[in-house]
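Peer 1: Here is what each chain is made of, one letter per residue.
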Amino acid sequence: MDTFLQQLVNGLTAGSVYAIVALGYTMVYGIIQLINFAHGEVVMIGAMVAFSVIGALAGSGLPPIAVLFIATLCAIPACIAVGYAMERLAYRPLRRAPRLAPLITAIGVSIVLQHLALLVWTRNVLAYPQIVATKNYALFGATITNVQLGIIAVCVAMMAGLAMLVYRTRLGIAMRATAQNQQVAALMGIDVNRVIAATFVIGAALAAVAGVLYSTYYGVAQYTMGSLLGLKAFSAAVLGGIGNVPGAMLGGLLLGLVEALGAGYIGDFTDLCAYPWIGEALGERCANGGQFILAGSEYQDVFAFIVLILVLVFRPSGLLGERVGDRA
Amino acid sequence: MLLEARGLEVRYGGIRAVKGIDLEVEDGELVCLIGANGAGKTSTVKALCRLVPSSQQALSYAGEDISTLPIHELPKRGLVMVPEGRGIFPQLTVEENLLMGAYPRGRGNLEAQYDSFPRLHERRRQVAGTLSGGEQQMLALARALMAEPRLLILDEPSMGLAPMMVEKIFEMVAEVARRGVTIFLIEQNARLALKVASRGYVMESGTIALSGAAEALLADPRVRAAYLGEEAGATTAG
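These protein sequence lines are chains A and B, in that order. Everything in the first sequence is counted per the working numbering, starting at 112 for the first residue and increasing by one. Everything in the second sequence is counted per the working numbering, starting at 4 for the first residue and increasing by one.
A couple of the hints might just be wrong.
What the hints assert, rightly or not - In silico contact screen, one side only, chain A against chain B (beta carbon under 10 Å); selected entries: (1) R287; (2) A290; (3) A296; (4) M299; (5) V303.
Unchecked claim - Chain A is faced by these chain B residues, among others (derived, beta-carbon under 7 Å): (6) I74; (7) H75; (8) M84; (9) G104; (10) Y106; (11) P107; (12) G111; (13) N112; (14) F173; (15) M175; (16) K198; (17) D223; (18) A229.
Bear in mind the hints are in silico, worked out from the structure with no lab data behind them. Since the model is a prediction, treat every value here as computed from it, not as a measurement. Think of the CB as a built atom: it goes at the ideal place given N, C-alpha and C, for glycine as much as any other residue.
Next up, chain B with everything else stripped away, as it sits in the complex (with noise of 0.2 Å):
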């Protein structure tokens, strides 16, 4: 087991966000958390990198408690997660930027990252605060790949983007599971992650509410009718 949370739990004041879920995500994989907004999927995996207090009967990460390591401590093993909203920092160029992911490792291999993702080559002096949405997400995911992760967390990475853009990402994300790196993907888009995705949770209101192979998901009825936007055969937009 790479990743193991029992028992998690996330409080803000008197509300429960995270009522004591449990995770798991094996080596290899690539695991989807999906639900509505405020479900409490980004308070799960800020949990699960120590961004906030949780309490848990277990937390471990290769087999190491981690629910008292410092944050910058994770990438140092290979942990590395791309936050809600990409946190690219806006004022660094993009080649800082990328220099910042491998920050623990000295150097990093930048010209890996330019050679998948030619556009941000073309556009390493500039100020990352310029760059359009995708190309912003294509940076964050570009950075985190520079720590060379074991497990790489990515936190709604299709959020604000144009439709193609995403497509284009969850492309990407396939890819980097098809290199090897285990994936922990949170999503609002669904059918896209359970596509990607061999495994799934759904989470709702706090609590996970269905777990199971992609393919059982995405064939679930309840699935189909809460979050693929298909009410009894009537077929929307999702």
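Chain A with its partners taken away, still in its complex shape (with noise of 0.2 Å):
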């Protein structure tokens, strides 16, 4: 019970991260049907950049959430200015090309923006600065830091601040708008090109927070870090229904949840003791409460591309993916 309890808020803030990098993929899928590869680097970038500014001001005495907020608000302009040129520089030349072009352009993307990444931070795993003391308070059993906390808080902020944005304001309508049909929502006076840059400028800003809480969670910054990240968040993304605000919001918690759970026993399930007839076979071994643990919680990553490929198969328009009948 424990155990569960704390895998349920290690996911829950694991979760809560995927879910605003999620929303960056689904955002600008909805809107233009591109799975935009290059968005993990994005996320990437918003912790480097931030990481460099945190060791910049390591000396300067400022409390350290000052610091980490200060970080955060170098790094979302970075992101936004990311965004924004692989946009306009690289996919909307393609607007018009088959959807393989924009896709492969989208790897590249990423590809380039690693290498920047890498001249600039090395090619080490950087230790990233945990400036944030962490205190523990006790949650029924489990344990949960004011890390933990900070970063739910922020997420669930996020979250809200954008479905309001996207169901609320003059220019959310429009990016659904948008969305459903280009022509018609330019023959309503909307300047598409502007409505697709503001998302990804949006996704951008989103990635930016993010890679900064994911970085400070995790405690290491890497340039290569955005790659499973993305992946992670895409398959959270499928998971949510693509294209599906609210589902990506929802297919990121599940995915930290199943991935937190699926490590915390996946331990368990696969000791071959625990099995009455193989643990009798193995019977040296197993004696003296003796365990022969075949994948431990370094499998954690496996979990998310299991999802992934579940869903692909059995639901593929993702939980909320259904689409509303349109009669023409």
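Using the hints, put the two standalone chains together into the complex.
Peer 2: Here it is as structure tokens:
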């Protein structure tokens, strides 16, 4: 029970970050049907820029929260610039090309960004400064840290803000209108190019924050970190139904939970000694409470992709991806 | 002259769908463009609204050359089009659809549209894709009016609607015209179109075959034979 609750807390933390990244994938897909494989790299750039800013402010004597806040405020415009530039330079010229062309371009953009980061921040795994002193709080037998609480709070606030933007503002309605029919949106006087650029910019701003949170949580950053995180967030978006904003939020949280619970229990399930017949056959190794674990929590990353495969096989439209019937 | 096209030509690959036609619409007129399926009517309006590339000697609206303007600049100038098939946003609510109609103007006057279309007020929170065909056409019309158009281009508003609904829509179009909006109406239903219009163009395989006052066209034996379903005195349902 303790493991369960603890993994629930951990899963919720990671999942809320996945959700924020997944939103970037889903919004761009929703509006131009492009899977922006370079989105994970935007997250990485956010983490890296913040890393440099934190390093620069290390001796300033500012309170740690303020440092983190300033670092995030620097990461956001940097990521916005990257997001805007990739739309403008790489994807817009291919707007009318067959869908494979922008997809491959996205992979190219991702490689370019990784290697730019490699030049600036080296190929080393960077120890992300843990400047916020961790405090533990007991929660029904599990432990939740102030960092986890902060991450969940920030992510929930961003999700709420984004939902307001998409469902309540003029720009949000225009984004959804453009997603449904670009030509008619233009006939309404909506500057479609601007709305698409805005979508990239919003996704990139979210990615910047996600990058800072992710690296602060795990304590590391590296120029390749965006690819695994990006793939997981993409899986989360597919799980929720790609193109669907609430779906990305739900998918992210669920994926975080699946991953954490999977990591928490995979050791128990693959402990051969726990199975009577095999346990006996192994004899001595299992005697006196011994264990023979085939796969431990280092296999945590597998779960995201198991989920991705299961969704694609059994429910390709995702959990919330059902489209409303439209009569024309 | 509010809208003027000279030598308008639309090509799809090697096919000339519109073969160099001249059109003009004066301020305050209700002009219709009729013709059979495939005559090039929709290609013509799409070219007028810059939805398809065209070549022409002149294409102007309110004295301005619009041939190089991006599509989204047109509604800002009062040129608003309701596309064929209505073009509502099926997953937005009725109210969101209406708000998008007034996009360049900010919020627009929702109340005025709800007054003219009480049905839309009833359904304002409903997703537009769940409306009936007739309600969708009303929504498309109301949405266009949200932009407070000077020139309204309607592409086949009767398409796919029950006869009763068609008459209702045409009454609304006539009402909009009475309020002073200039209308360019594209229709297959020639009889109804010529009844509400003051002037008409008849399009045949990419060219303007006939044009003139609506009454004259209604009386023209060629129009009666080809578009009103009346052949040599025999009257059939049109």
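Peer 1: Each hint: holds or not?
Peer 2: Going down the list of hints, with the structure as the test:
1. R287: Status holds, d = 6 Å.
2. A290: Given a least distance of 8 Å, the restraint on A290/A holds.
3. A296: Holds: closest Cβ of chain B sits about 7 Å from A296/A, inside 10 Å.
4. M299: OK, holds: M299/A within 10 Å of chain B, min 5 Å.
5. V303: Check passed: Cβ of V303/A comes within 7 Å of chain B, closer than 10 Å.
6. I74: holds (4 Å)
7. H75: With Cβ-Cβ at 5 Å, under 7 Å, it holds.
8. M84: Interface hint status for M84/B: holds (5 Å vs cutoff 7 Å).
9. G104: holds (6 Å)
10. Y106: With a minimum Cβ separation of about 5 Å from chain A (threshold 7 Å), the hint on Y106/B holds.
11. P107: holds (4 Å)
12. G111: Hint on G111/B: violated, closest Cβ of chain A at ~11 Å, above 7 Å.
13. N112: The hint is violated - N112/B has no Cβ within 7 Å of chain A, the shortest such distance being about 15 Å.
14. F173: violated (21 Å)
15. M175: violated (19 Å)
16. K198: It is violated, given that the least Cβ distance between K198/B and chain A is near 27 Å, above 7 Å.
17. D223: Constraint on D223/B not satisfied, violated at 33 Å.
18. A229: violated (29 Å)
The structure fails to meet hints 12, 13, 14, 15, 16, 17 and 18 from the earlier list, while all remaining hints are met.
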